[in-house]
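Throw the hints in and build the complete structure from the sequences for me.
Number of protein chains: 2
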Amino acid sequence: MIQKPYLLFLGDAPDALAAKVAQGIKDWNPEVALGQLRLPGCGADMGLPDMTLEQAKASGVKTVVIGVANRGGVISEAWKVVLVEAIKRGFDLAAGLHNLLRNENELIAAARMYGPTLHDVRIPTVAYPIANGKKRAGKRCLAIGTDCSVGKMYTGMAMDREMQNRGMKSTFRPTGQTGILITGGGVPLDAVIADFMAGAVEYLTPDNDPDHWDHIEGQGSLFHVSYSGVTMALIHGGQPDAMVICHEPTRTHMRGLPDYPLPSLEALRDMALPIARIANPKAQVTGVSINTKALGEDAARRLIEDTEKRMGLPCTDPYRFGTANLVDALLDL
Amino acid sequence: MIQKPYLLFLGDAPDALAAKVAQGIKDWNPEVALGQLRLPGCGADMGLPDMTLEQAKASGVKTVVIGVANRGGVISEAWKVVLVEAIKRGFDLAAGLHNLLRNENELIAAARMYGPTLHDVRIPTVAYPIANGKKRAGKRCLAIGTDCSVGKMYTGMAMDREMQNRGMKSTFRPTGQTGILITGGGVPLDAVIADFMAGAVEYLTPDNDPDHWDHIEGQGSLFHVSYSGVTMALIHGGQPDAMVICHEPTRTHMRGLPDYPLPSLEALRDMALPIARIANPKAQVTGVSINTKALGEDAARRLIEDTEKRMGLPCTDPYRFGTANLVDALLDL
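Note that the protein sequences, when read in sequence, are chains A and B.
So the working numbering is basically just the index in the first sequence, starting at one, shifted up by 9.
So the working numbering is basically just the index in the second sequence, starting at one, shifted up by 9.
Among the clues, some could well be false.
Chain copies aren't distinguished; within one or between two, either way the pair holds.
Said to hold, decoys possible - When the alpha-carbon atoms are kept at most 20 Å apart in a straight line, the in silico EDC-like pairs for lysine to aspartate or glutamate are as follows: (1) Lys291 / Asp250; (2) Lys291 / Asp268; (3) Lys35 / Asp220; (4) Lys144 / Asp268; (5) Lys35 / Asp24; (6) Lys302 / Asp341; (7) Lys143 / Asp268.
Don't read these hints as lab results, they were simulated from the structure.
Shown next as structure tokens:
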């Protein structure tokens, strides 16, 4: 687990999009971020207090989180000056960068000398077991997508938030780097060794109270040939009671695969259910989550109503209209 | 690729079962193994000439293959004496052991000094790409199982052998350590990082002549919750034209999962087909391979006849009755 609270390092991010991880933390777990640190030329602003490392220390910050993508796969010298200084002052560092903190000699040397921990959240740090398939106590909901990047993480986090607001027992279970940095823990599933994928998901979603819900972040899609094996392991390791289908209505083909059309919601439901019922005979598809960002308000409402009628399932855009109906459907199980 | 020919190191294997890898090489690729090297107490015998390292060198052996499982996960001192001597004499070493050759200081030091290569075939040595899903030329047949360890490797190798005997263009494509040691190359799929599994299978089965068949070694089962993600990646990365269902009729539950019943042949067919057609719309299930080892000859024949009628597909036990009918079915596609 990554120690909280955080200082968000925005570096020289040209805009908010480059600081996507910081934005996610700000949107979903704002109380964890006490401030932001920006270098000259930074065009991103999370609306948090600007802090020096000294001020962050005085405020009780434990970890400096690199909330920005690095350009060209290199951690720049300008960044390193600040990061080494942070290590010297006793802050842990956490990052989901492609090039790892642990591969930077200056950072390693400083961490060895001063003691802090370097968290590369893309890399598994646990020797996950092979999945044993045993039925676990507690309830689990998994977001599955017609494609990659259709709102699975957002849907899971929004449903968790809705349950928390109702005073229910609920945990969001991240399986990707952004979710791990937002919540401070999880499994970077796409970096796990093949034989241990399903076991990593079992590890992430252990026995729990009978009325507790895990909201498992989905990855890939059963219909995305590059990553479908990861999705499969999520379904069989997660043994979900409920699956929510996530969809983006303007895609013309699967992400990165120009020759592959998107599946219909029905096709995904019909493929996912028999797969899920191997691990959990009671598994159901309980709702549909549509990312309507590309649509106007009226068109979005119409699409959601039409989808509800067509599928006989509650449907929403979590960002626009909340997830009350998706959570109600879990309670009806 | 592992350099041929081989000397099979049988160590102090108490019996033939402990020397399973050597037995596989002997059964499937006998011309590659010029001899065997046995230590005192060895109870296994591949029927090959016993050779000293000196004799092996004179015979032209390039690689000493460790064809025996090591007991207790340790490479014993008695083994190491021979292996270091082999390195000194310029032989490469190849092994599929759980504890790696490259983790043994004496072996590494000797290899650095004398130059030979240490092949740990459990560990990927290639940076596999992410799958791109592009249609490739040539034909592919994938063995899929109702469970793990039901004869998928055997079936694929037997079909490849049958095609070779007919003068057809055919290659067996190993995805596990035994197959890799037998043929000298392949992808250790269960050790590949999740995101690259399907890409590793694409890499293993590249564009080929239109009338060439790859016989891809299957792994796991869509119905085995521990490994189903690996199976999924094989189907989507392999984009098979044909799938052969492999089955062992006496299993009472999925291997290692006492609470999980085996699927019927029909259930596996019905799950695998729509999955395979995402990557290859023309995918078919073309046959059934049954391991009838536990049955008498009459019972085996009856089961195979009944299965042919029930499934409307050619069925055989490759070991007992050959694979002519399975290969014929591929030609009919």
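Report task. Measure nothing new, just compare the shortest in-copy and cross-copy C-alpha distances for lysine 291 and aspartate 268 to 20 Å and report within, between, both or neither. Result -> Cα proximity of lysine 291 and aspartate 268: across copies only (15 Å, versus 35 Å in one copy).
Query raised in the report: Are the CA atoms of lysine 35 and aspartate 24 at most 20 Å apart within a copy, between copies, both, or neither?
Result: within (15 Å within a copy, 63 Å between copies)
**Report entry** Up to 20 Å CA-CA - aspartate 250 versus lysine 291, copy category
**Finding:** within (6 Å within a copy, 33 Å between copies)
Query raised in the report: Between lysine 144 and aspartate 268, at a C-alpha cutoff of 20 Å, which is it: within one copy, between copies, both, or neither?
Result: Between copies only: 9 Å across, 39 Å inside.
Query raised in the report: Is the C-alpha distance from lysine 302 to aspartate 341 at most 20 Å within one copy, between copies, in both cases, or in neither?
Result: Answer is neither: 29 Å inside a copy and 49 Å across each miss the 20 Å cutoff.
Query raised in the report: 20 Å Cα cut-off: does lysine 143 pair with aspartate 268 within a copy, between copies, both or neither?
Result: between (39 Å within a copy, 8 Å between copies)
Query raised in the report: Given a CA cutoff of 20 Å, do lysine 35 and aspartate 220 count as a within-copy pair, a between-copy pair, both, or neither?
Result: For lysine 35 and aspartate 220, neither the intra-copy (29 Å) nor the inter-copy (57 Å) Cα distance is at most 20 Å.
Consistency note: the structure conflicts with the earlier hints numbered 3 and 6.
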